[in-house]
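One-letter residues, chain by chain:
Number of protein chains: 2
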Amino acid sequence: MEVWRVNVRSQSLSREELFQSWERLGGRGLLARIMVDEVIPTCNPLGPNNKLIFSPGLIVGHMLSSCDRISVGGKSPLTGGIKESNAGGRTGLHLTHLGIKALILEDEPENEGWRVLRLEGDSAHFESANDFDGLGVYAAAEMLLKRYGKKVAIALIGPGGVMGLASAGIQNIDKDRVPSRINARGGLGAVMGSKRIRAIIIDKSGGSKPDIVDHEAFKRAQAEFNQALMAQPQTTVYHDYGTAGMTLMCNGFGALPTRNFSSGEFEGAEKLSGEYMREILLNRAGESRTSHACMAGCTIQCSNIFGGEDGKRIVSPLEYETIGLMGANLGIESLDTIARMNWEVNDLGLDSIEVGAALGIAADAGLWSFGDGNKALALIDEIRIGTPLGRVLGNGAAVTGKVLGVSRVPVVKGQAMSAYDPRAIKGTGVTYATSPQGADHTAGLTIRAKVDHLNPKGQADLSRSAQINMAGYDTLGACSFAGFGFGAAPGTIRDLLNARYGWKVNGDVLQDLGRETLSLERLFNRKAGFTRADDRIPEWMTRESIAPHDAVFDVSDSDLDAVFDWD
Amino acid sequence: MEVWRVNVRSQSLSREELFQSWERLGGRGLLARIMVDEVIPTCNPLGPNNKLIFSPGLIVGHMLSSCDRISVGGKSPLTGGIKESNAGGRTGLHLTHLGIKALILEDEPENEGWRVLRLEGDSAHFESANDFDGLGVYAAAEMLLKRYGKKVAIALIGPGGVMGLASAGIQNIDKDRVPSRINARGGLGAVMGSKRIRAIIIDKSGGSKPDIVDHEAFKRAQAEFNQALMAQPQTTVYHDYGTAGMTLMCNGFGALPTRNFSSGEFEGAEKLSGEYMREILLNRAGESRTSHACMAGCTIQCSNIFGGEDGKRIVSPLEYETIGLMGANLGIESLDTIARMNWEVNDLGLDSIEVGAALGIAADAGLWSFGDGNKALALIDEIRIGTPLGRVLGNGAAVTGKVLGVSRVPVVKGQAMSAYDPRAIKGTGVTYATSPQGADHTAGLTIRAKVDHLNPKGQADLSRSAQINMAGYDTLGACSFAGFGFGAAPGTIRDLLNARYGWKVNGDVLQDLGRETLSLERLFNRKAGFTRADDRIPEWMTRESIAPHDAVFDVSDSDLDAVFDWD
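Taken in order, these protein sequences are the chains called A and B. Everything in the first sequence is counted per the numbering used here, starting at 1 for the first residue and increasing by one. Everything in the second sequence is counted per the numbering used here, starting at 568 for the first residue and increasing by one.
I should point out that these hints are in silico values taken from the structure, not numbers from a laboratory. The C-beta atom is built at its ideal place from N, Cα and C for all residues, glycine as well. Some hints could be false.
Covered by chain A, according to a simulated footprint, are these stretches of chain B (three or more residues, beta-carbon under 8 Å) [as the list claims (entries may be wrong)]:
no.: 1; region: 725–734
no.: 2; region: 1095–1104
With a straight-line Cα cutoff of 20 Å, these simulated SDA-like cross-link-like pairs (lysine to any residue) come out [stated by the list, open to error]:
no.: 3; chain 1: A; residue 1: K209; chain 2: A; residue 2: Q222
no.: 4; chain 1: B; residue 1: K1094; chain 2: A; residue 2: Q222
no.: 5; chain 1: A; residue 1: K527; chain 2: B; residue 2: K942
no.: 6; chain 1: B; residue 1: K942; chain 2: A; residue 2: Q222
Chain A residues, not near chain B, derived (Cβ > 10 Å throughout) [stated by the list, open to error]:
no.: 7; residue: E38
no.: 8; residue: M143
no.: 9; residue: L165
no.: 10; residue: K209
no.: 11; residue: S407
no.: 12; residue: N455
no.: 13; residue: G491
no.: 14; residue: F530
Input sequences plus hints: build the corresponding full structure.
Shown next, in the form of structure tokens:
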């Protein structure tokens, strides 16, 4: 495996052997290592000194169920700190088949044009993308597929990334060539935009699967992992209901963000539930699907295709975080409306969590009324047009709160919280507060732990363990839902890595990778100017309680500061 | 002297004796002490845990020339750090005559109405200010003077503070009852707005001058200071040309911010000069005045009244920083236009530096064309109306750059630079970078030092000395121009303090006060999350050079980190 370093100014590729310290890592861990080794922590995230890095995880390339994820990273224009955002789709798999362990985009171009970066065989090509001007993600992906054929993988940005908005992500086509697997969080689409790369085409036709040192051992571990994964009840739940299975659970805990995080309980939760969505989708004819895989080989298939009453696809997938942030959080109880909003932000190439949070703040500021889906769609259209208000919203919740003069802003390190209110699921609140990534449920969700989520005691320990696990999985390239399988058969991680690489790691490898990754990320952030003062839930959430449990965030600062007790 | 603590929720006053550690300080130094002792550094600047503090300097109350300044402070909504902003006018003098060494506004009100806080004798009164809705600063001040009489001092906010904009200041009436002496920087007007206090009336009729322990010694020192001040050539220059005398000097150094800091040289500089302005004002009949005092007793009288061709006052005063940021920085070369823009931002109660910088960024973003004064006025009007774009601009340069996607943003710690480009006056650049206040020339201007301002060597030493001096003067309540007199007769500071308070301080007192103040400010900022990474000039200024000297900012990080070598 190699590092491919692409300079966007000189439009040149340099292929490099891996340093030893980079070889042991992949995905999120390798990103953190490269960022610490190479990127000036105080640089302008949208300037020439930032780098945009694509790194498949350590076990990517073999179509292990839910384990072909692509990590993308750089310095975040949203948080000002390190950022890793991972996604499914084809990008991770295809990069590994070209032998690329890390693709690093460097510098900034001198002229204003837009380019497609095409990787194939052993070379990189810059091709004009100026004819994509004004196209949304869906139309652009279609054009790219026409031009480059259906066999390639594509990672692209939309108008949001082109505009440099801090909520812009990078979209990857899935196994059905739909560009909906998004490296959503932290504004990495704007970083890609600052490099003036509209899309990356990965043509693996000249490549091959990564080597496996011990095929038999790999197969055995894979079978054991698959069996364990299939035996987990969550696999069935996610298959049937998708992530929307979370809605009622979260509402039951009083943690469903409602009307800009002013309540943890939404009267329309039932209509936003996975159960209700399944009923709708099964009843609707046409393209609707209740389960659907984002990556080849995935047995969970938590994704879905949300079709309208006319049978035509509105969006795919419709996920819980979007339902939470653009549904309950905006007082909207129509899944059809949420699906339409979701399509719009996807087409713009934006993070639906960040935009949903920004719209909630805008409603609190009186710019529109909670529940008015048409007005919400009109505001998303302002982003597309690029009006000042649109640019405010597209730059995320923190900027929106600042501009509109709203204090109730649910962010940590400038990044919007996901659909778990930290006052009612306090372990996840600890994760929001302390994760080097900013508020992010994927950095360590604790909702499934059998604890009293309202009790502040013990939540730091719970979050620590979840954060280490997730940093480990993100380094492997494993979806967090693969974790249900790995959790039941933990030895398989060790076995897969040893078989794949000929290593002799022991059963602690997930923990070791997780801790190393988090330490590297924290090191980068420290150099970028982050301190304990940044590891806090917004002050107002320690004061303003939410229904139904009258809960505030009351995990102590000393508990928060003890999360990274090894670092 | 006492501390008056006003709780805006309970609308109650508590009068307290001074702690010993507070007694020795005043103005900026006392603010820093109170902030460190009482304010949670991570609090929301616009929430109940921030405090708004008014503190006259140590030698305020005696009408010493240029030494009756009022320091106002709190946690800044613009920088997120400690903020002190001082101004002339009557507020400082009147507070001392009521025996108030610090007025502290605490908490936040429960209901939405606006109040006037009236201080008189030994009591504080809350009176309705709801009839001020929609009024600008000038009309509001007129109404207040009608209601409370001409003998009071007034500190008030305008629509900007009411809207909670981070560029909002607090205005104080001057000796002619014009509300133009502004605690401009860092958004303290928004902090006052968050307390829902529209104006503070200080009625000193029941009060008296502060005690002086040794009248004879005080008089002697005062006479010596006055003599020294009058003998300084700068006193004459500032009397005749005002601060606008800086324009040609700065342009000559290649440091006049031009078209959003893209050049250090403005082809229209001549027309923005103090010399040209003097000629205009002498020629124009009517209200124009080339010199004018902001505080009773000031012998320098650097202020002016800028009248139009019809003889009517456009604005008073028109200062160099406004001319720089709203003139050259916007490509505008008409003093009449700049004066009109200045009146508008004054009437809104905003910092003309911050708004000027924001407008420069908006021009870079293509929202308007440099030089188009009518469009600039129209954009200021957007702030008044409160459109999203207006709120973006009114929240200052950093937010404007973020929202509009412009990288060329001249800020440090979120605060816009004043009218000295740090690439050409590098010592002032060191001050911008390292001052706990964010970019601010009043924290330590170095332009008058006889050094090569383009040479990065030695600038940290120069800035250190200037920053210590300025923190000292701000603690005394002395205008920086009083410093010309104190510089020539340094023993008078010691003599004035010892005579006034019966102390036995020595000749190092200015240095000691300055260092102590800076150390306290840095301590607060550290707890608020600031690190060395915040003590930097924006990265682009280290890369992008300006005409005519092709200068970049190249003072080393190690030099920057060595500024506070005692701390």
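Going down the list of hints, with the structure as the test:
1. 725–734: Holds, because 4 residues of the region 725–734 of chain B bring their Cβ atoms closer than 8 Å to Cβ atoms of chain A.
2. 1095–1104: With 8 residues close enough to chain A, the hint holds.
3. A:K209 to A:Q222: holds, 16 Å
4. B:K1094 to A:Q222: violated, 50 Å
5. A:K527 to B:K942: violated, 42 Å
6. B:K942 to A:Q222: violated, 66 Å
7. E38: Given that every Cβ of chain B is farther than 10 Å from that of E38 (chain A), nearest at about 16 Å, it holds.
8. M143: Label holds. Min Cβ-Cβ 25 Å, cutoff 10 Å.
9. L165: L165 (chain A) not clear of chain B: closest Cβ-Cβ about 8 Å, inside 10 Å.
10. K209: For K209 (chain A), whose nearest Cβ neighbour in chain B is about 41 Å away, the distance exceeds 10 Å, so it holds.
11. S407: violated, 6 Å
12. N455: Given a closest Cβ separation of 24 Å, the condition holds.
13. G491: holds, 42 Å
14. F530: At roughly 8 Å from the nearest Cβ of chain B, F530 (chain A) sits no farther out than 10 Å, so the non-interface label is violated.
Of the numbered hints stated above, those contradicted by the structure are hints 4, 5, 6, 9, 11, 14, listed in ascending order.
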